[in-house]
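**Q** What follows is the residue order along each chain.
2 protein chains.
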Amino acid sequence: MIQFIEGGICASKGFSASGVHCGIRKSQRKKDLALIVSEVKANAAAVYTTNLVKGAPLLVTRSHLTDGHAQAILCNSGNANTCNANGVEVAEKMCEMLAAAYPVAAEDVVIASTGVIGQPLDLEPIAAGIGPLVAGLSTEGCDAAAEGIMTTDTIRKEVAVSFELGGKVCHIGGIAKGSGMIHPNMATMLVFLTSDVAISPALLQKAIREDIASTFNMVSVDGDTSTNDMLVLMANGLAGNPEIVEENADFKTFMEALGTVTVALCRMIAGDGEGATKLLECKVSSARDLATARTVAKSVITSSLLKAAMFGADANWGRVLCAIGYSGADVDINRIDVRFRSPAGEILVCQGGSGVAFSEEKAKTILLERDIEILVDLNDGIAESCAWGCDLTYDYVRINGDYRT
Amino acid sequence: MIQFIEGGICASKGFSASGVHCGIRKSQRKKDLALIVSEVKANAAAVYTTNLVKGAPLLVTRSHLTDGHAQAILCNSGNANTCNANGVEVAEKMCEMLAAAYPVAAEDVVIASTGVIGQPLDLEPIAAGIGPLVAGLSTEGCDAAAEGIMTTDTIRKEVAVSFELGGKVCHIGGIAKGSGMIHPNMATMLVFLTSDVAISPALLQKAIREDIASTFNMVSVDGDTSTNDMLVLMANGLAGNPEIVEENADFKTFMEALGTVTVALCRMIAGDGEGATKLLECKVSSARDLATARTVAKSVITSSLLKAAMFGADANWGRVLCAIGYSGADVDINRIDVRFRSPAGEILVCQGGSGVAFSEEKAKTILLERDIEILVDLNDGIAESCAWGCDLTYDYVRINGDYRT
Numbered sequence: 001m002i003q004f005i006e007g008g009i010c011a012s013k014g015f016s017a018s019g020v021h022c023g024i025r026k027s028q029r030k031k032d033l034a035l036i037v038s039e040v041k042a043n044a045a046a047v048y049t050t051n052l053v054k055g056a057p058l059l060v061t062r063s064h065l066t067d068g069h070a071q072a073i074l075c076n077s078g079n080a081n082t083c084n085a086n087g088v089e090v091a092e093k094m095c096e097m098l099a100a101a102y103p104v105a106a107e108d109v110v111i112a113s114t115g116v117i118g119q120p121l122d123l124e125p126i127a128a129g130i131g132p133l134v135a136g137l138s139t140e141g142c143d144a145a146a147e148g149i150m151t152t153d154t155i156r157k158e159v160a161v162s163f164e165l166g167g168k169v170c171h172i173g174g175i176a177k178g179s180g181m182i183h184p185n186m187a188t189m190l191v192f193l194t195s196d197v198a199i200s201p202a203l204l205q206k207a208i209r210e211d212i213a214s215t216f217n218m219v220s221v222d223g224d225t226s227t228n229d230m231l232v233l234m235a236n237g238l239a240g241n242p243e244i245v246e247e248n249a250d251f252k253t254f255m256e257a258l259g260t261v262t263v264a265l266c267r268m269i270a271g272d273g274e275g276a277t278k279l280l281e282c283k284v285s286s287a288r289d290l291a292t293a294r295t296v297a298k299s300v301i302t303s304s305l306l307k308a309a310m311f312g313a314d315a316n317w318g319r320v321l322c323a324i325g326y327s328g329a330d331v332d333i334n335r336i337d338v339r340f341r342s343p344a345g346e347i348l349v350c351q352g353g354s355g356v357a358f359s360e361e362k363a364k365t366i367l368l369e370r371d372i373e374i375l376v377d378l379n380d381g382i383a384e385s386c387a388w389g390c391d392l393t394y395d396y397v398r399i400n401g402d403y404r405t
Numbered sequence: 001m002i003q004f005i006e007g008g009i010c011a012s013k014g015f016s017a018s019g020v021h022c023g024i025r026k027s028q029r030k031k032d033l034a035l036i037v038s039e040v041k042a043n044a045a046a047v048y049t050t051n052l053v054k055g056a057p058l059l060v061t062r063s064h065l066t067d068g069h070a071q072a073i074l075c076n077s078g079n080a081n082t083c084n085a086n087g088v089e090v091a092e093k094m095c096e097m098l099a100a101a102y103p104v105a106a107e108d109v110v111i112a113s114t115g116v117i118g119q120p121l122d123l124e125p126i127a128a129g130i131g132p133l134v135a136g137l138s139t140e141g142c143d144a145a146a147e148g149i150m151t152t153d154t155i156r157k158e159v160a161v162s163f164e165l166g167g168k169v170c171h172i173g174g175i176a177k178g179s180g181m182i183h184p185n186m187a188t189m190l191v192f193l194t195s196d197v198a199i200s201p202a203l204l205q206k207a208i209r210e211d212i213a214s215t216f217n218m219v220s221v222d223g224d225t226s227t228n229d230m231l232v233l234m235a236n237g238l239a240g241n242p243e244i245v246e247e248n249a250d251f252k253t254f255m256e257a258l259g260t261v262t263v264a265l266c267r268m269i270a271g272d273g274e275g276a277t278k279l280l281e282c283k284v285s286s287a288r289d290l291a292t293a294r295t296v297a298k299s300v301i302t303s304s305l306l307k308a309a310m311f312g313a314d315a316n317w318g319r320v321l322c323a324i325g326y327s328g329a330d331v332d333i334n335r336i337d338v339r340f341r342s343p344a345g346e347i348l349v350c351q352g353g354s355g356v357a358f359s360e361e362k363a364k365t366i367l368l369e370r371d372i373e374i375l376v377d378l379n380d381g382i383a384e385s386c387a388w389g390c391d392l393t394y395d396y397v398r399i400n401g402d403y404r405t
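As given, the protein sequences belong to chains V and C, one line each in that order.
First residue of the first sequence: 1, per the numbering used here; consecutive thereafter.
First residue of the second sequence: 1, per the numbering used here; consecutive thereafter.
No lab work stands behind these hints, which were simulated from the structure alone.
Some hints here could point you the wrong way.
As the list claims (entries may be wrong) - The calculated lysine-lysine pairs, modelled on DSS-like cross-linking and capped at a C-alpha distance of 27 Å, are:
| hint | chain 1 | residue 1 | chain 2 | residue 2 |
| --- | --- | --- | --- | --- |
| 1 | V | Lys26 | C | Lys362 |
| 2 | C | Lys283 | V | Lys26 |
| 3 | C | Lys168 | C | Lys283 |
| 4 | V | Lys364 | C | Lys364 |
| 5 | C | Lys41 | C | Lys362 |
| 6 | V | Lys362 | C | Lys26 |
Take these sequences, add in the hints, and give me the full structure.
**A** Structural data, given as structure tokens:
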């Protein structure tokens, strides 16, 4: 029985968090430095962007996680520390600063940065902020940490669940930063997950690898795969469950709980995409195989034309068919049915690859809602998949027309 | 010596054209039916979209061109005749209507449609328009035909060149429709080319296949590959040159003239992309091979984030690096230099994969121009490539937020 609970990353036993404004961002209002710590060293696993351009913090984190352990996550927003000649040095220095202020080894620090690319990251505000950041650590600190990693996000993204393993109450919590440059590819945007489950590093890595294929890798805001994508999961074992060391029933339950957390974060990230007014979910059913279902769903959710049509609440289903057609998936166009669904109802707009007569008025009512489902039935098998995206709006253009200033 | 001349598709000997408003589009102002004919049957070759969803007219045209000949091109705008149960029937009927009004066999008609997908195409206005369309045929009719194939295009796209083969003056002319759903893949948007060169059907097909790889396939407005992309070239031999039947010096000259026409059309299509205020050209140099150069150029030009930054005249070169990084090309990021260039000057913004200090003021002045070059030097070989695109603007969202109404 998996239940949503409050507390985010601090819902997992032994984790505390903090967030402060240290001055990397010019705006005084917005926190720009976040810290998550486990009171004991935790097993840890991570996945990273496939972009060849990798933020310096990723290189340092990857090196720190080679032993499968971590105890803290330090993350700044406002500057990605990417494409800077001194990037690795700066990232390492940040870990050392934390190790000097808090009882953790520098090699057990996961370091992350998000924000503008190609501008040197000034260590001064961070040096000044580390003290207050550590002093602010609290089991109620999830909100502050979640705010500290936000860039153009308009809402904090946090979630937690509780479930049982071997009679022990266990938890998984997570926070995420999304918004723009979101088109994960075998990795994800910034997602920090905590758990008190006892699970081996190898299975932890396997769990997140398997999970992201149907969660974060199925999200797209703008087709741009970020240089700083990273997902880290720390599991400190404090729940006291029998350690998961094989793919048994407990592992299955853990995967289910993990998926509950990550899908919730995916929906938050897509729905809060830069400039977004709508959350789009493309649900592909009756595909001949999983790869086909995923390719089709991702292609639909990524189409600029469809995204603009959804912004206008225009039932232009031809753009759904078009995006399926160029997806690269081998599908029979003449079998495809398309429906739009929202809390206001459901409407069939395309059957067997051709248009059907439908009420434009009813379609408009459905598409004026905030949460829109695009249902694609391939009538060709039993596999299914879901992808998450958002509409393309004037605000996306405004935000990105002058992001740096 | 290849020279630009007036006349567009009618610059080639023996070709005439016409365009009328027949009523497919609601607006009375805009022509929606175009006709191009050769006074003698011509050799013809074509390439089509790779989208699995193919407009019915493409299927009919492909069948008509199996013998390598054509004499007329009939094209309507305002409706794509795609994803309609009766699409092929309607497209065939259009050819028959023309054959009844003009001395051409229905099987020698290239038929094309462009516009909204999934709404039945009404034959009535076309039946009424064929008469005036044929009556209006003229060697001065290029403008009218170019206007007849436009959708959301804001400018007519036409070009012509003259050159010599075997002492005979030869011509290639072309018109194109671009604007939205532009991301050609092994084919192109609507492009109709005429020539009076004598050349075998096989070499004609080879010529356009080779040409599009570095021209139309390097254009992207919005990443959406259309269902109705088609490029057709009719060559009627009336120039009287010795027929080109092998890849000799004449074929090389023909290719060069063809490339001059198609590159000019590419620049027009990209610069008039939906909502565009700027033409973007990404010129990649010193690549290890041609495939790498093309992949990098196309990825940069397709990035929504970079396109929005260019709209805002923001020298956010990190987005160029990011797009190169996720392009899939195997490049050494640490060798890459990036410059922005326009009629207002040139500025180095990234060297060896890291930022360099530059004047934001000068960069702004450069990027406020309409024609922007993004120069990417991979410092890794001698191959080069160019891709064409445009900025992402409020108007793109406005146009596509409610395209159908």
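**Q** Evaluate each hint against the coordinates.
**A** Structure-based check of all given hints:
{"no.": "1", "hint": "Lys26/V / Lys362/C", "in the structure": "holds, 23 Å"}
{"no.": "2", "hint": "Lys283/C / Lys26/V", "in the structure": "violated, 35 Å"}
{"no.": "3", "hint": "Lys168/C / Lys283/C", "in the structure": "violated, 35 Å"}
{"no.": "4", "hint": "Lys364/V / Lys364/C", "in the structure": "violated, 41 Å"}
{"no.": "5", "hint": "Lys41/C / Lys362/C", "in the structure": "violated, 56 Å"}
{"no.": "6", "hint": "Lys362/V / Lys26/C", "in the structure": "holds, 23 Å"}
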